[in-house]
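Colleague: Take the position in the sequence shown, starting the count at 1, then add 13; the result is the number in this note's numbering.
Any given hint could be a false lead.
Unchecked claim - For each label pair, taking beta carbons as the anchor points, the in silico distance ranges come out as:
#  : residue 1 : residue 2 : range
1  : A495      : E280      : 28 to 36 angstroms
2  : S679      : N581      : 51 to 59 angstroms
3  : E433      : Y515      : 57 to 65 angstroms
4  : N581      : T529      : 57 to 65 angstroms
5  : Q537      : R290      : 44 to 52 angstroms
6  : L675      : T565      : 48 to 56 angstroms
7  : Q205      : K292      : 52 to 60 angstroms
8  : N224      : T327      : 33 to 41 angstroms
9  : T565      : D503      : 22 to 30 angstroms
10 : G671      : K590      : 39 to 47 angstroms
Rather than coming from a laboratory, the hints here were simulated on the basis of the structure.
For every residue, glycine included, the Cβ atom is placed at its ideal position computed from N, Cα and C.
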Amino acid sequence: MARRMSPAVAFLFCFGLSHVFEVEARFQNSVALHRQKREWIVPPQILEENVDYTKREFIAKIRSDKEDVKMRNVRYSLKGIGADQEPFNLFVVNPENGYVTITRFLDRESIAQYNLSGVATFTDGTIAENDIGLRIKVKDQNDNPPVFGPMVPGDVNELSLVDTAVMKINCFDADEVGNPNSQIKYEIVEQQPAGAQMFRVDADGTVRVNNPKLDRETIDQYVLLVKASDLNGAPGGNAATGTVTIKINDVNDNVPTLQGPFEASIEENTDKVEVMRLKASDLDLKDTDNWVTKCFIASGNEAGYFSIHTDPKTNEAVIMLDKAVDYEDVKDLNLGIGVMNNAPFHPSVTGGQEGININFGGSGDGAGGGGGGGGGGGGGGGVGGGGGAGGGGGGSAGGSWSMSGSQIYNVNVKVKNQPEGPKFMPLTKAIAISEGKTFNSNEVIARYPATDTDTGKEATNVKYVKGFDPDNWLTIDETTGAVRMNKAPDRESKYLVNGTYYAQIYSITQDLPSKTATGTIAIQVEDFNDHCPTLASKVKTLCTEKDAVLVTAVDEDAPPNGAPFTFNVVPEGTNGKWTVEHFNDTTAIFRTHQKLWPGEYELTVDVKDQQGLSCPEPQKIQVDVCTCTDQGACARTGAHGGKGAFKKGSRFGPAGIGLLFLGLLSLLLIPLLLLLCQCGAAGLAGDFTDMPYDTKEHLISYHTEGQGEDRDVPLLNVVDRRPNFMSRDVVGDMYFTGGAGGVGGAGGVG
14 MARRMSPAVA FLFCFGLSHV FEVEARFQNS VALHRQKREW IVPPQILEEN VDYTKREFIA
74 KIRSDKEDVK MRNVRYSLKG IGADQEPFNL FVVNPENGYV TITRFLDRES IAQYNLSGVA
134 TFTDGTIAEN DIGLRIKVKD QNDNPPVFGP MVPGDVNELS LVDTAVMKIN CFDADEVGNP
194 NSQIKYEIVE QQPAGAQMFR VDADGTVRVN NPKLDRETID QYVLLVKASD LNGAPGGNAA
254 TGTVTIKIND VNDNVPTLQG PFEASIEENT DKVEVMRLKA SDLDLKDTDN WVTKCFIASG
314 NEAGYFSIHT DPKTNEAVIM LDKAVDYEDV KDLNLGIGVM NNAPFHPSVT GGQEGININF
374 GGSGDGAGGG GGGGGGGGGG GGVGGGGGAG GGGGGSAGGS WSMSGSQIYN VNVKVKNQPE
434 GPKFMPLTKA IAISEGKTFN SNEVIARYPA TDTDTGKEAT NVKYVKGFDP DNWLTIDETT
494 GAVRMNKAPD RESKYLVNGT YYAQIYSITQ DLPSKTATGT IAIQVEDFND HCPTLASKVK
554 TLCTEKDAVL VTAVDEDAPP NGAPFTFNVV PEGTNGKWTV EHFNDTTAIF RTHQKLWPGE
614 YELTVDVKDQ QGLSCPEPQK IQVDVCTCTD QGACARTGAH GGKGAFKKGS RFGPAGIGLL
674 FLGLLSLLLI PLLLLLCQCG AAGLAGDFTD MPYDTKEHLI SYHTEGQGED RDVPLLNVVD
734 RRPNFMSRDV VGDMYFTGGA GGVGGAGGVG
């Protein structure tokens with residue numbers, strides 16, 4: 014039974030159809046499965062590049078439903094890149110039916126995706142509805158070959174390990190990234206020089222070492238032709254080639270060699286001369302630390318006769334004679350000469366790695382050829398496995414390997430004999446003399462004749478002459494070489510060095526040309542106890558609150574005639590009671606046992622050395638006793654403002670002497686004045702007058718009876734309460750202190 018739609022339901026249905034866009038816009042992200050009418054016709058989204066779509070009727074079409082609802086004409090247009098922007102009119106739309114067409118081929122490498130906007134307007138120019146986005150993605154084709162970027166030459170050390178990275182090839186494919194069209198596979202199609210494949214290329218373009226036997230001395234540079242193919246090398250892809258240059262860096266994998274002859278000769282008694290030069294050879298890169306040689310004397314130079322260095326201009330080993338050789342002692346010398354480079358050897362040389370065969374030659378005579386796996390004979394040896402390095406030359410020089418990686422060459426140096434003159438043996442003559450021995454200028458203390466080095470006997474036909482003698486101690490007999498003293502030896506002389514006096518003697522041959530030998534006389538002066546210990550200082554300062562001073566003595570004699578010293582107090586000439594305490598070998602503590610007032614005191618001491626010797630007269634020390642400040646310094650300010658130590662007794666100064674003469678003149682003047690005066694009552698009777706007032710009104714009687722006041726000042730110590738204020742007078746051995754009103758410094762009453 015068919016149902017009829019009610020008018021209300023029909024109204025709602027028509028209202029919904031007229032508002033489809035709003036519903037689609039509102040629920041365009043909803044997941045609800047509702048059927049909706051499209052407002053725009055969705056176009057295709059992918060177009061392939063390099064494909065001709067210009068013949069198609071349309072590649073997409075747009076249409077607004079409002080064209081039917083409103084029953085009015087709608088005009089369509091496009092905007093965006095490829096429409097109304099560069100590239101213009103690549104995409105066009107039919108304004109009447111909304112068909113979108115393409116006018117040219119697409120190129121993904123130019124623009125990979127076009128984002129256009131479809132616009133619908135009414136014929137009166139009003140907007141029919143909102144723009145719709147039209148996205149057209151361009152599908153990639155393999156239309157671009159790989160392109161090599163700038164090829165910077167690479168470098169790698171010789172003897173590098175397999176898989177060592179050398180460089181990275183810069184190659185680019187413009188096709189879509191991540192697409193097989195842009196995925197590149199590398200391969201080395203050619204290597205120059207040809208031979209074993211020394212390198213390989215990873216998928217990312219990294220060139221790596223493929224063979225560990227790279228040898229710069231054989232091939233120092235490789236040129237590789239590298240092919241880059243897209244599609245990961247699959248058939249049908251695009252390919253390109255590029256040239257790669259790889260430089261082989263030098264390492265110190267070749268031991269330097271020396272070329273003979275390995276024999277030389279020197280004259281005896283000669284020094285500072287060049288003995289020989291040994292030419293060095295090294296296959297490593299010239300003028301580098303791997304090539305520059307560094308030679309050393311490994312053995313045979315224990316006496317230090319020779320030295321060796323490298324001539325920087327010629328790279329030769331130069332052996333120098335630094336010290337003269339005596340033929341009678343040494344007739345020939347065998348030196349072990351080692352040679353190495355400034356740079357350390359590569360591990361392959363010292364056995365750390367395989368990869369190159371080092372052949373150290375033994376003996377041989379050829380300059381080249383010879384034995385040893387590709388190496389050269391001769392003294393130098395050679396490097397096998399790729400070229401030889403003959404080190405031969407004239408002599409035979411057996412080599413040996415040292416732990417440092419260098420080869421040791423045996424060099425023979427012969428010493429030539431020369432006629433020699435006399436020689437002092439020993440070179441230094443030691444003579445011991447006691448300082449206290451009785452001096453006799455005629456006594457021979459020693460003989461120091463020269464020796465004929467050829468015969469070993471005492472030299473004849475020679476004359477002896479004294480040389481260096483700073484204090485003129487010696488006399489030398491010119492015929493016999495007898496040594497005598499000019500003066501008594503003095504161990505305390507400033508010319509002694511550690512108790513020894515040095516002088517020189519010359520032996521001169523009588524023939525021509527004359528030859529001279531030099532000997533040294535060392536007089537060892539044995540010490541004699543001829544000095545008594547003396548005080549280092551004869552003035553000491555002692556604060557009143559202290560009771561001890563340190564006394565130090567010195568003695569010019571050496572042990573056992575010097576310290577330790579014995580100190581004693583000599584009562585005669587000593588003020589007060591003192592005792593001695595030990596402090597160290599040269600110093601004693603002198604301690605007083607009574608209170609000392611500020612002033613000067615004498616301390617007489619006797620000092621004896623280790624042998625009991627003391628000076629003939631006791632030695633005196635002046636001890637200045639003073640009141641000290643908190644810092645321990647003397648504060649010697651007297652009552653009269655003067656500073657310094659107080660002295661016992663007194664003396665007149667210029668002013669005092671003047672006052673003394675003035676007093677004497679006064680004594681002479683008084684009798685003269687008495688002669689002019691009138692004496693007696695007669696002369697004075699008229700000179701008295703009565704007082705103008707009553708004396709009784711002004712004279713007061715106190716009725717005082719008894720003994721009067723004592724006006725004499727007692728000899729008592731009066732302490733002034735003012736700080737640091739002191740006055741003193743000396744009467745015999747008694748000391749007084751007082752203030753300004755006490756006993757004056759000159760003995761008067763203040």
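Colleague: Against each hint, give a clear statement of whether it holds in the structure.
Modeller: Structure-based check of each hint:
no. : hint                            : result
1   : A495 - E280: 28 to 36 angstroms : holds (35 angstroms)
2   : S679 - N581: 51 to 59 angstroms : holds (55 angstroms)
3   : E433 - Y515: 57 to 65 angstroms : violated (25 angstroms)
4   : N581 - T529: 57 to 65 angstroms : holds (59 angstroms)
5   : Q537 - R290: 44 to 52 angstroms : holds (48 angstroms)
6   : L675 - T565: 48 to 56 angstroms : holds (51 angstroms)
7   : Q205 - K292: 52 to 60 angstroms : violated (35 angstroms)
8   : N224 - T327: 33 to 41 angstroms : holds (37 angstroms)
9   : T565 - D503: 22 to 30 angstroms : holds (25 angstroms)
10  : G671 - K590: 39 to 47 angstroms : holds (44 angstroms)
Of the hints listed earlier, those the structure fails to meet are numbers 3 and 7, in rising order.
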